[in-house]
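K.L.:
Protein sequences, first through last, are from chains R and V.
Under this note's numbering, the final residue of the first sequence carries the number 460; numbering is consecutive throughout.
Under this note's numbering, the final residue of the second sequence carries the number 743; numbering is consecutive throughout.
Heads up, some of the hints might be wrong.
Straight-line alpha carbon distances no greater than 25 Å define the calculated PhoX-like cross-link-like pairs of lysine-lysine that follow [as the list claims (entries may be wrong)]: (1) LYS95/R with LYS129/V; (2) LYS416/R with LYS355/R; (3) LYS129/V with LYS146/R.
Derived from the structure by calculation, the hints contain no laboratory data.
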Amino acid sequence: MAGRPLNGPQRPLTVTNRPRRRRRSPPLEPACQQRRSPLAGAGQPRAQDGAGGGGCRGGGAMLGFLSGRQAGLDEPLRLRRAEATRRVLSLELNKDRDVERIHGNGINSLDIEPVEGRYMLSGGSDGVIVVYDLENLSRKPTYTCKAVCSVGRSHPDVHRFSVETVQWYPHDTGMFTSSSFDKTLKIWDTNTLQVADVFHFEGTVYSHHMSPIATKHCLVAVGTKSPKVQLCDLKSGSCSHILQGHKQEVLAVSWSSRHEYILATASADSKVKLWDVRRATGCLTTLDQHNGEKTKASSEAANTAHNGRVNGLCYMSDGLHLLTIGTDDRMRLWNSSTGENTLVNYGKVRNESRKGLKFAISCGCSPEFAFVPCGSTIAVYTVFSGELVTMLRGHYNNVACCVFQPNFQELYSGGKDCNILAWVPALREPVPDDVSDKCLPQQHLNPAYEDAWSSSDDEG
Amino acid sequence: MAQRLAELVEELTTAGEPQLEPGRLKELKKICKSSDDHIGHAYRLLLTKLREPHAQVRLSAFQALRELFARSHRFRTLLLADFQEFLELAVGTEHRQPLPPPAEVAQRLRKAALRCVQDWHDKYGEAYKKLALGYHYLRQNKKVDFQDVHARTVAERQREEEKQKRLENIYKEKAKRAEKEMAEMSQEIHETLTEMENCFRLLLPDPFEFTVNDTTPEPHKEMTANEDSPAPALASQTAVTQSYVGFMDDEQPCCSKDILSASQGVRTEKNEDLADKQETPEQKELDEGTSSGVESGALALHDDDYETFVRNHGLISHKYTLDLEISTDLKVHENEDNTAVINNVVDAHKLLRNKFLPSVQSWIQLFTRAGINDDRLRCAIDLKNKLETAMKKYKEMNICFKERKVMKASDDDDDDDEDEFVEVPEKEGYEPHIPDHLRKEYGLEPQSPPKAPARKTPAQPAPASSRAQLKGNEDELDPTCAAATLKLIRDKLPKLTPPHASESASTEPAASEEPDSKRRKLDEERAKAPLMPFGLDLHYWGQDQPSAGKILKFSSEHRFWAPSEVEEEVENNEIAEMLKTRYITFAGKFEPVKHKCRAPMPNGSLCERQDRIKCPFHGKIIPRDERGIPVNAEDRDREEKMRFEKQAAQPEWRDPEFMREVEAATGVDLGSSKNDGKGGKKKGKRKKYPNLTDLKQQANTSRSRLEKKVFNKGAVKRVVKAMNQMDQRKHEKFANQFNYALN
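Using the sequences plus the hints, can you model the full thing?
P.N.:
Shown next as structure tokens:
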């Protein structure tokens, strides 16, 4: 480990026991360059944005981490976190990474399987579901994520209307689930691409979720147009529970990533409820944006999480906090054990989506980041301080979903412009110092980056 | 340097030329080359210009952007960071945000931008991911055909489609409404048509209904020569009906058949044969050949003794050709027997012409415009055809009206009234006229001799017929009749002679006595005197009403208990006045204004407004000469004074010339142009960008001006307020009715 960290920044510093990750090719960067300007580019994560988040560290800091790690003073987690944070902060649209264009319509949902982090599902608004392979095995920097298989329009079991949510079975890539506006939830066998089971509902399905950590149950929580949240048991193939309490359609559901029986649901009645599915009587708590304080505003809207529809819900990876987003253009962070509003101010988070909004939270960085679709951009916030770090611009129409790949700190986003964009940490570019200034133009990989001013003095 | 950059960008973009001026462009490039900061600055300046809502400015800004894009990597990264916005502004990808006017420049801008995007993609697409994405987005999502000459984006197509769709929706809506209307009205139309058809049939029976064998359609108009047949019973009927009387079926009085056959003396057969007679002789021959098998035995029998028949009638041969004169022009004369029918026809025709035909035509128009091509349209066309045939038929009927009596108030009405009364069948058991010798038996007082003859003024003409007179008397005796009521009133108020009678009685002797001049004068006055409807005041003309305005007042409303003084009379002057007064609204007569304001205006012409008293701009209208100077001296003085006061109201330091000088010196706008009025302001603006097309002028249509007025916030508020007030007033008015009070 100690001998290889400089081998390439593209290489993740996560300790892993899976050989596949190691096969990932390092970027073709000359080693001499690395040595000449060691880690210098880390200070400017995104050249054109010039944005520096809270976790922005200079090359010197990174050297300090490295030496500390080498001397065995620091635990490995610290270095890992520092590097992950740096990588997240330097996310950019990379010309070398592309995702194959299969969808002819907007993309509503993305999911990366948690087992290997290799395969990505995408659900389109024309009902098409595609499985992508994100792993670059070609040993070349340029890579287009290929579609492994897809449920196209000609497939006999394809969803008739827009697919709203896709999710891998958390423990295996052999199965995935998809729910759609055609009022069904389908369980698919990945290998044969056949439908293993279909659940029918009375209303359009906005969202569904399977617990990522559950070992004792196999429940899929489904939020539909009806105010009742339904729990479908994959073992028996039937709807086992109905959770009553909301007054309007349920736009987002999410299982806790810490307790396997805890479920959070967000509804258009501007309430967010936490449930223990073992309890029959009702919900555990209803999140209150005013923390129970009786203000004039709260007396009218008791126990509401937002002042508009709540259409996004995401647990942090440790399950201690819960992030919600509503059409009142606010995002709130809740303590998931007490149900308390932590009152982090994110400012205005533009949210015009009428359906559920899928946003992502990073994992393994030292301040965690939230990636929130905001019109045609993706806003990156630090979760605990509420600071807007940067806006990722690349989509040409509204972004509907984004998903974070924790192993390589990559972000994938899908939007209404049919694009799935891969946001990849930028390569460290050597800082042009005085000595290398002259020879810099030759170092450009692509002649397109060169300036083309005419040489004569009087001409521009 | 930065200031020079701003100046350059300003000059370049407001030049309004299709191509950038090379000298300034070179300078701009030179400045940009010198430093990256300048590139960023120039980029921001150009992007702001690109946001201007003027296609010429945008085109110039875009051209400058293109030049720099090709030069600098830094500029490329900057522009590509905002590439979405660039596409929106230069290509118009967002269909809610079309490119600004003028349209032809916008078109050029779009073409250039698209070509440029393609060039950039070919050259830099690999290196700049976002450029490639944008290109793909345009090509696949916005479906821009880069080879397309018109370079229409999907957004544009969408806009057009939306417009089309909106129009279509409107048409569909209208068509639906028309359909509903048609469903409602077609019943009525059909009824009217049937009514009209029946009326036609009554006026002019269709010959085909009576013929046995179908003949040519020609005889529709033909007439037989028996018009002059002396049929006393039918004398009053129209000539046309006469002519066809012979062909009427069995319901018709048989005498007419006899008469016909006798008068013509050709045949004595039954109806079927008579029907043949209307045909022209040629047809007759032909028909006799063909129809012999079909026709009844009578005809066969007739064929047998044809010879004898010919001989019996003193005819030498049966090979006569009989020439019948047929008058092709049809004429229906109105007479008292068919008045009702004709009235009906006329009414129906009026209805068709004024109501049904226009609406049916509008339906057809609507349906064709909405592209509806099914039963509805067919139905509407059918209706129209029917209506048109009915109208045509009506025209062919050529109805000649009797002269209409116009009921006038000045007509001596006593007789008319009686004539107008409809004869009602007498009631059973009711004896209208009780002879005097029987009155006792009925417990009635012997009636004083009727006043009727006495009442009749000598000026009135004698009743048309004795029968009518008798009828009138009988009417008067019928208590359900208005005449009886009239009579009763007359009997009860014997002293009140009817106004006409008294008038004529008083004037006539006077006229005879007084000299001619006075009489003529009186006549003149009478001609001048207005015609007034009859009213209470005329009724009580020149009489004192002792009891008028007296009201009986009951002081107690209790059922049993009553005060000792039972009645109490109260005089009410108002009611008494009411019997003597008449309200006449005097509206005066409209006289168009002939004069004009003619106040001199700043542009040298004279005010053309034609207000009656006061011009809203120049005050009271006074006589002025042809140069607009007041004729009267005091007016002139007043105007002079006003001008002086206006100048004095402006502080001396705001003297426009002085201000202009100060402005020129300091370069700060102090608003001197505002004082000058509209003309100055406009001039200033033109001076700013003389090369750009003035968008305001293009948008300055009558529609936009009206829009500005009508949709003005203040105006809308005012209207809403007024309407609310009206609503409220209604509430107040009907507040006691619960269904109004509730909402």
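K.L.:
All hints, please: hold or fail.
P.N.:
Okay, the hints, checked on the actual structure:
no. : hint                   : verdict
1   : LYS95/R with LYS129/V  : holds (5 Å)
2   : LYS416/R with LYS355/R : holds (13 Å)
3   : LYS129/V with LYS146/R : holds (18 Å)
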